[in-house]
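*Asks:* When you get a sec, could you build the whole thing from the sequences and use the hints?
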Amino acid sequence: MKKLELLAATALTLFLATPAIAQDAPATAPETQEAESLQGSDEIVVTATKRETTLLDTPIAVSVTNAETIQRAQIRDLIDLQTVVPSLRVSQLQSSANTNFIIRGFGNGANNAGIEPSVGVFIDGVYRSRS
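Residue numbers (the numbering used here): 1455 to 1585.
Treat the hints as calculated values from the structure; they're not laboratory data.
Being a predicted model, the structure only gives us computed values, none of them experimental.
Be aware that a few hints might be false.
Stated by the list, open to error - Label pairs and their in silico Cβ distance ranges:
#1 Val1575 / Val1516: 16 to 22 Å
#2 Val1499 / Val1539: 15 to 21 Å
#3 Arg1558 / Val1580: 21 to 27 Å
#4 Pro1513 / Gly1579: 16 to 22 Å
#5 Ile1498 / Gln1548: 20 to 26 Å
For every residue, glycine included, the Cβ atom is placed at its ideal position computed from N, Cα and C.
*Replies:* Laid out in structure tokens, this is it:
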């Protein structure tokens, strides 16, 4: 019986001490200020839900491309953008009105002029229909 009590006490002590091992040491003041300045300079504000939210508070998937990547990849239009955004496919047939967007597998792959696509195009907040 004594062995069982000793084993239970040891197991309980190890179980209760585990969270203390996982704690980080407190950061010094210069490290904290440096981390905050790095995070503040690259803050991403998402307006896809028609209100400004941070990237962490946004309930949708977001692909971010910065200006340096756009310049390095020589991106001039949305067709070029698909080279750096893995979930975007853009196809253009005879005219820009027939441009087809597929995002994360959703889109109108048939490119039928009589069917509105699954991915909407908004220019300055106004929906642009295919017809």
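*Asks:* All hints, please: hold or fail.
*Replies:* Verification of the hints:
Range check, valine 1575 to valine 1516: about 18 Å between beta-carbon atoms, so the 16 to 22 Å window is met. Hint check: valine 1499 to valine 1539, Cβ distance near 19 Å, so the stated range 15 to 21 Å holds. Restraint check, arginine 1558 to valine 1580: a C-beta distance of roughly 24 Å satisfies the suggested window 21 to 27 Å. At about 21 Å, the CB distance of proline 1513 to glycine 1579 agrees with the hint of 16 to 22 Å.
Hint check: isoleucine 1498 to glutamine 1548, Cβ distance near 36 Å, so the stated range 20 to 26 Å is violated.
The earlier numbered hint that this structure contradicts is number 5, and it is the only one.
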